[in-house]
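Novice: Chain residues, written in single-letter form:
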Amino acid sequence: KQEVTQIPAALSVPEGENLVLNCSFTDSAIYNLQWFRQDPGKGLTSLLLIQSSQREQTSGRLNASLDKSSGRSTLYIAASQPGDSATYLCAVRVENNDMRFGAGTRLTVKP
Amino acid sequence: NAGVTQTPKFQVLKTGQSMTLQCAQDMNHEYMSWYRQDPGMGLRLIHYSVGAGITDQGEVPNGYNVSRSTTEDFPLRLLSAAPSQTSVYFCASSYSRTLNTEAFFGQGTRLTVV
Numbered sequence: 103k104q105e106v107t108q109i110p111a112a113l114s115v116p117e118g119e120n121l122v123l124n125c126s127f128t129d130s131a132i133y134n135l136q137w138f139r140q141d142p143g144k145g146l147t148s149l150l151l152i153q154s155s156q157r158e159q160t161s162g163r164l165n166a167s168l169d170k171s172s173g174r175s176t177l178y179i180a181a182s183q184p185g186d187s188a189t190y191l192c193a194v195r196v197e198n199n200d201m202r203f204g205a206g207t208r209l210t211v212k213p
Numbered sequence: 005n006a007g008v009t010q011t012p013k014f015q016v017l018k019t020g021q022s023m024t025l026q027c028a029q030d031m032n033h034e035y036m037s038w039y040r041q042d043p044g045m046g047l048r049l050i051h052y053s054v055g056a057g058i059t060d061q062g063e064v065p066n067g068y069n070v071s072r073s074t075t076e077d078f079p080l081r082l083l084s085a086a087p088s089q090t091s092v093y094f095c096a097s098s099y100s101r102t103l104n105t106e107a108f109f110g111q112g113t114r115l116t117v118v
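Protein chains in written order, with my numbering: chain F, 103 to 213; chain H, 5 to 118.
Hints are computed from structural coordinates only; laboratory data are not their basis.
Hints should not be assumed to be uniformly reliable.
The following label-pair restraints were derived from C-beta to C-beta distances [said to hold, decoys possible]: (1) H:D42 <-> F:Y178: 27 to 37 Å; (2) F:A131 <-> H:Y99: 13 to 23 Å; (3) H:F14 <-> F:S155: 19 to 29 Å; (4) F:E158 <-> H:P87: 40 to 50 Å.
No experiment lies behind these values; they were computed from the predicted model shown.
Heads up, the beta-carbon is just placed ideally off N, CA and C, and yes, glycines get one too.
Model the full structure from these sequences, guided by the hints.
Specialist: Set out below in C-alpha cells:
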C-alpha cells in the first residue's frame, strides 16, 4: 500500500527565507504528484502538478521536483512571505484514480 | 466558473441520523471522488466515480453510499451517522479517466456527529 510522508510536520521561518518542504512515498508506481495549499478551515488549492515523466515544475516563487525512483518530492518556496503561511499537502495519484495524501506540513512565516 | 461546490459547509447530526452531502462541479469532469480529512492524517478516499452511472469504493467506504446520476453531481449519503464519522469531507473532480490530470477540490463540509 502506498504511504506518503511529509517532513517536517511543522515549520516556522522568518519572512524572506527560502525553504524546502519534503514529501516521500513508498511505491514509485505513481501517475503524478500534486502539491496543495490548505488555509485553516478552507479547501485545498492546487499549487503544482508534476507528471510521472517530469522532473520539476515551477510557478512563480514555487518550484517542485520529483525523483520517482527514490520516492521523493520537494517543494521549494523562495523569499517566503507571511501570506505563505498555510498547511502544504502532497498527494500521489495511483491506480484506480486514487490519490494518497501526506498529513501535511504546517508552515508559519513570521513578519 | 464555480469549480467544485459543496453544501452544506457545516452540519451537526445526532447519532443515528442520516443526511446527504452535496457536491456539484461545472467543469464537465468525468471523475469525481469523496475524501475525509481527520486531524493528523492525510485525506482518505471514501468513494469515487469515473463517470455517470459508475461508482466504486475507496479506502474507507463503510457507512457511506454514493450515486452518480449526472456528470455534474456526486452526493455522499451517511446512512446512520456515528461519532466516528465526525470529520471534514472534501469532494474532488478531475477532467477524464486518464490518470494524469489535475484534481480540483471543493471547500469542504465540516460534520460533527454527537
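Novice: Verify the CB-CB distance for D42 (chain H) and Y178 (chain F) against the hinted window 27 to 37 Å.
Specialist: Once the Cβ atoms are compared, 29 Å apart, the range 27 to 37 Å for Y178 (chain F) and D42 (chain H) holds.
Novice: Check the following: the C-beta atoms of F14 (chain H) and S155 (chain F) are separated by a distance inside 19 to 29 Å.
Specialist: violated (41 Å)
Novice: Given a hint of 13 to 23 Å, does the C-beta separation of A131 (chain F) and Y99 (chain H) actually sit inside it?
Specialist: For A131 (chain F) and Y99 (chain H) the Cβ distance comes to about 22 Å; the hint holds.
Novice: I want to verify a distance hint. Is the separation of the beta carbons of E158 (chain F) and P87 (chain H) within 40 to 50 Å?
Specialist: Given range 40 to 50 Å: holds, Cβ gap about 44 Å.
Hint violations for this structure: number 3 only, all remaining hints satisfied.
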